[in-house]
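Asker: If you use this note's numbering, the sequence shown corresponds to residues 61 to 381, in order.
The set of hints was computed from the structure by calculation and includes no laboratory data.
Hints are supplied without guarantee of correctness; some may be wrong.
[Said to hold, decoys possible] Now the in silico label distances, taken between C-beta atoms and shown as ranges:
1. Gln305 to Ser215: 40 to 50 Å
2. Ala370 to Arg239: 18 to 28 Å
3. Gln305 to Val250: 18 to 28 Å
4. Gln305 to Gly245: 43 to 53 Å
5. Leu320 to Ser215: 43 to 53 Å
6. Ser215 to Ala363: 41 to 51 Å
7. Ala219 to Leu289: 44 to 54 Å
Virtual Cβ for every residue (Gly too), placed ideally from N, Cα, C.
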Amino acid sequence: MPPLRVRSLPLVLSATLAAILAVGRAEAGSQVPAADGALVIVSDSDCPSAEAVRDALVGLRPVEQWPALSVAIRATLQTLVVEIGPDKTNPRQLALGPDCAARATDVALVISTWTGDLPVEVAGTPVLQPATPILQPSQDKKPETVIPKSDARHSEIGAGLLAATAGGIVPGGRLEFGRMRRGSGLGWQVDLTVPAARQVNVGGGTTRWTRISAGAALDARWAMRRFFLDGALGGVAALTYAWGQGYVANQSDWSPTWGLAAGMRVGVSWGRIRLWLDLRAVKWLREQSVQIDPVTTGTASTANLPSWDAQGAVGIGYVFQ
Numbered sequence: 061m062p063p064l065r066v067r068s069l070p071l072v073l074s075a076t077l078a079a080i081l082a083v084g085r086a087e088a089g090s091q092v093p094a095a096d097g098a099l100v101i102v103s104d105s106d107c108p109s110a111e112a113v114r115d116a117l118v119g120l121r122p123v124e125q126w127p128a129l130s131v132a133i134r135a136t137l138q139t140l141v142v143e144i145g146p147d148k149t150n151p152r153q154l155a156l157g158p159d160c161a162a163r164a165t166d167v168a169l170v171i172s173t174w175t176g177d178l179p180v181e182v183a184g185t186p187v188l189q190p191a192t193p194i195l196q197p198s199q200d201k202k203p204e205t206v207i208p209k210s211d212a213r214h215s216e217i218g219a220g221l222l223a224a225t226a227g228g229i230v231p232g233g234r235l236e237f238g239r240m241r242r243g244s245g246l247g248w249q250v251d252l253t254v255p256a257a258r259q260v261n262v263g264g265g266t267t268r269w270t271r272i273s274a275g276a277a278l279d280a281r282w283a284m285r286r287f288f289l290d291g292a293l294g295g296v297a298a299l300t301y302a303w304g305q306g307y308v309a310n311q312s313d314w315s316p317t318w319g320l321a322a323g324m325r326v327g328v329s330w331g332r333i334r335l336w337l338d339l340r341a342v343k344w345l346r347e348q349s350v351q352i353d354p355v356t357t358g359t360a361s362t363a364n365l366p367s368w369d370a371q372g373a374v375g376i377g378y379v380f381q
């Protein structure tokens, strides 16, 4: 019998050559560009397989809209590298879990997204930027303290003791209320002044009289640290009341009058307290006189009352809103 070894050598060489060609064709299949009108998907793993990716892609885009290109998938335990296009110059690396169905869906989504409107050759790898943190206000930050403006308005009530000089020096009292600015500025003030009675000798007897007045004035204040200076100008209205003493028949009478007033004040502030010294001049615009009836004295006697009044006062005020 002829030796079998010699006759079987051509068969061994033929089988080896056929295996090499088959492997070459398999490797070339993942790199050869797709034929016209066909989408070729090649995966080196069953997780995901090329068929699973194609099935997932059907749910995203109709088959007639699939691009004519090749897609190669290389899988590891945690990531997938998807290469799209014939040049494979823009690989997409995806961080995915071990679920094969989820991997197939994600790869199909990448294929559908990156081959939709932009050419594959110019589409680059997406770059994910970290979200910009939103700065929240610190919970420890104290609320801002609202400081009252220096020109905020406040009210002031006060009282003082005065001395009136017209027709003799007599004591008196004053009550006042004003609305001022906290620092320098304009304000207004109203007051009630009640001086003690003065007297004039006429017709052999004595006539006592007083003027109770109410005034309203504009006030301009200049504040300097604790000290302040005020200037006021306004009008006054008064009721003059007179009565006789020492006559055969003592009688009384009253008459209204009005005038203008101007004053200056200096003071010092101590918290809400204001201590002040005030000088005021009043000009009465309606002349007034006291007349004694001749039936009582035998002769008619007349005495004019002062048309000017000067007052000096010292007082205290309290500031509130």
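Asker: Each of the hints needs a verdict: does it hold here or not?
Answerer: The hints, checked one at a time:
1. Gln305 to Ser215: 40 to 50 Å: Distance hint for Gln305, Ser215 holds at roughly 42 Å.
2. Ala370 to Arg239: 18 to 28 Å: Holds, since Ala370 and Arg239 (Cβ atoms, about 27 Å apart) stay within the stated range.
3. Gln305 to Val250: 18 to 28 Å: Given a distance of about 34 Å, which is not inside 18 to 28 Å, the answer is violated.
4. Gln305 to Gly245: 43 to 53 Å: 49 Å, holds
5. Leu320 to Ser215: 43 to 53 Å: Distance hint for Leu320, Ser215 is violated at roughly 25 Å.
6. Ser215 to Ala363: 41 to 51 Å: Cβ of Ser215 to Cβ of Ala363: about 42 Å, so the range 41 to 51 Å holds.
7. Ala219 to Leu289: 44 to 54 Å: 20 Å, violated
Hints 3, 5, 7 from the list above are not met by this structure, while the remaining hints are.
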